[in-house]
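Below are the chains, spelled out letter by letter.
Number of protein chains: 2
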Amino acid sequence: MAVTSADVARASGVSRTTVSYVLNATPGVTISDATRARVLETAARLGYAPSAAARTLRAGRSDLVLAVLPDWPIGPVLDDLLEQLADVLAERGLAMLVHHGRGTRPMAALWRAVQPRTVVAFAELAESDLRALAQAGIQVVDASGGAHETGEDAQAHIGRLQVEHLAAGGRRRIGWAGTTDARLAEFAARRLEGVAGACAGLGLEPPVACDLDLTAASAERAVRAWRAAGVDAVAAYNDEVGLAVLAGVRAAGLAVPDDVAVIGVDDVPVAAFACPPLSSVDQAIGRHAAYLAACTLAVLDGGPAPAPPGDLHTVVARASSAAR
Amino acid sequence: MAVTSADVARASGVSRTTVSYVLNATPGVTISDATRARVLETAARLGYAPSAAARTLRAGRSDLVLAVLPDWPIGPVLDDLLEQLADVLAERGLAMLVHHGRGTRPMAALWRAVQPRTVVAFAELAESDLRALAQAGIQVVDASGGAHETGEDAQAHIGRLQVEHLAAGGRRRIGWAGTTDARLAEFAARRLEGVAGACAGLGLEPPVACDLDLTAASAERAVRAWRAAGVDAVAAYNDEVGLAVLAGVRAAGLAVPDDVAVIGVDDVPVAAFACPPLSSVDQAIGRHAAYLAACTLAVLDGGPAPAPPGDLHTVVARASSAAR
DNA sequence: CTGAAAGCGCTTACAG
DNA sequence: CTGAAAGCGCTTACAG
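So the sequences go chain by chain: A and B.
Quick note on my numbering: the first sequence kicks off at 1 and runs consecutively.
Quick note on my numbering: the second sequence kicks off at 1 and runs consecutively.
These are calculated hints, taken from the structure and not from any lab test.
Mixed in with the good hints, there may be bad ones.
What the hints assert, rightly or not - To give a feel for the contact side, a few chain A residues facing chain B, derived at Cβ under 10 Å: (1) Ala54; (2) Ala59; (3) Ala95; (4) His99; (5) His100; (6) Gln115; (7) Glu152; (8) Asp239; (9) Cys295; (10) Val299; (11) Leu300; (12) Gly303.
What you are looking at is a predicted structure, and each value in this text was computed from that prediction instead of being measured.
Think of the CB as a built atom: it goes at the ideal place given N, C-alpha and C, for glycine as much as any other residue.
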């Protein structure tokens, strides 16, 4: 049914070898212009596209890049990042296969089955998987955003930025608004560490941590707890949680930023529309994506690793964290 | 390097045929329990996983399901849907390959290269692609959300629900808040059609359409235009746009819902935290995803198509569209 | 400059 | 109950 290289060969009166040489522009072989033109024309006319399966079997590796996602929900940030990465890879003729780390079947089976060219790991991989990948010669791009160029954990760095901004605005007692989503727990813990570290560094008391789900009731409860502890500023896990906090403060009859300042993370468009507009930490996702794409290409080409993009995180100050 | 079925055969002292029979539990062949146990144990011990490429080449089709996304940004709704679909497929040993319809290379090359088991099309496919897929025996699941069970276009249906809700609250002059994102144009047009149709059906004047980007300035401009036309209610393309409208109304010194009512689409968590809380149209994405997964499995198994899930869309009424 | 042949790893008639 | 052999579509030494 499908047209194969043999069909193209037959139709253009040459061997499959020649077809392969022409279509892959194999370096080191010279094909007469007439033959080349004829093969190309025939291939186009027949709508020939080489079988990925056969190529993979032959080459021992596919044209697939496997993106291993963590078990947590993909927010708009990671979403953008994946899209941009897929675009860059597509330009190189590579398709991106997205795998949610649901643990449904062992990673080992997956990468063995798919024989990806590269694995881009947004989640930390198990030791055994890393060993196995290394042994199979599949290189791994670490996109878990672990280390920051300051040597600090990148997530902790974000938490630190939040606290430093709040403290610069005259706030002295910091609350932390985490999330009850268990899948985000590990991630949130790293943020909270940064928050706690920054408080310690600034001589503030340790942060008062509350986990919210995205309901008004849970936000109100958190606000009461913070209030009881004398909290005058809240660092939120992300903008969604931050907006929940704004609503909770309102519901408790208090005012932002007069009673409590709030800052989120991600700087989603909606943050600017809140009342009051929500301060946030921008993650410069475009530059991050470009860097990640460059890393992936470097791994593919065996080239040198690109220079890290410098600091990607900046505080976007809005009314919700105005200085008092 | 990688362990093959030949390795397993050698290590367990049988032929590759037997290994294949045991591992695939091929129906119609009987293998002695001793042999079966030995092969299974050996395969596990060696960490054997069959090569997807070889299987695909042999079978003429892969264990991949190709999800063809439209060119528009993936919102939280589609995002959820994809994740759930991927989970269901994973349980069946199928991996989902996501392809953004960027038109970077012709679809034809992609499906030919990948030989997917099924294509789940979230965007409408070109005639030529549909023909080619049919010819290659690759079935297509239409997930573009085109037809609604009422016979109405599903997107138009959502627009209708918005207008009917606003009109039921005593609003007489409807504004439409679209998006300047060109990738969403076609989608938004179908919504607007539903809005216009509902207005006509209710004897209201045609909607006053404005396209917004997600900035306060553009929202303010739109609000002024609506105001000049006497608009007292706005149906927004989605909750993000709806929240921008809320901010624009505030910036114009007007009040929601007293001067203008607003309703979005998607019912994202943040909608409930707005001031005032934003009304929305819930898309019951979980049920939609389940239906889509069932359709995909039905196609894979050649079974009958599952019953459509009934009406998935419901208005979530909040303060932003309170009756006047 | 071009072609015949081998082999990637799998499954499945076909023999025994 | 088990094995030897062919073939899926490709690429690449190796001959000519």
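Outcome of the hint check:
Taking 10 Å as the C-beta contact cut-off toward chain B, the hint placing Ala54(A) at the interface holds, the least distance being around 5 Å. Because the closest C-beta pair between Ala59(A) and chain B is about 9 Å apart, less than 10 Å, the hint holds. Taking 10 Å as the C-beta contact cut-off toward chain B, the hint placing Ala95(A) at the interface holds, the least distance being around 6 Å. This hint holds: His99(A) has a C-beta 7 Å from the nearest C-beta of chain B, less than the 10 Å allowed.
Among the interface hints, the one on His100(A) holds; its C-beta lies about 6 Å from the nearest C-beta in chain B, closer than the 10 Å criterion. A hinted interface residue such as Gln115(A) counts as satisfied when its beta carbon comes closer than 10 Å to some beta carbon of chain B; here the least separation is about 6 Å, so the hint holds. With a cut of 10 Å, the hint placing Glu152(A) at the interface with chain B is violated, because the nearest CB-to-CB distance is about 30 Å. With a cut of 10 Å, the hint placing Asp239(A) at the interface with chain B holds, because the nearest CB-to-CB distance is about 8 Å.
About 21 Å separates the beta-carbon of Cys295(A) from the nearest beta-carbon of chain B, more than 10 Å, and the hint is not met. Hint status for Val299(A) relative to chain B: violated, with the closest Cβ pair at about 19 Å, above 10 Å. At a threshold of 10 Å, the smallest CB-CB gap from Leu300(A) to chain B is about 17 Å, leaving the interface hint violated. About 23 Å separates the beta-carbon of Gly303(A) from the nearest beta-carbon of chain B, more than 10 Å, and the hint is not met.
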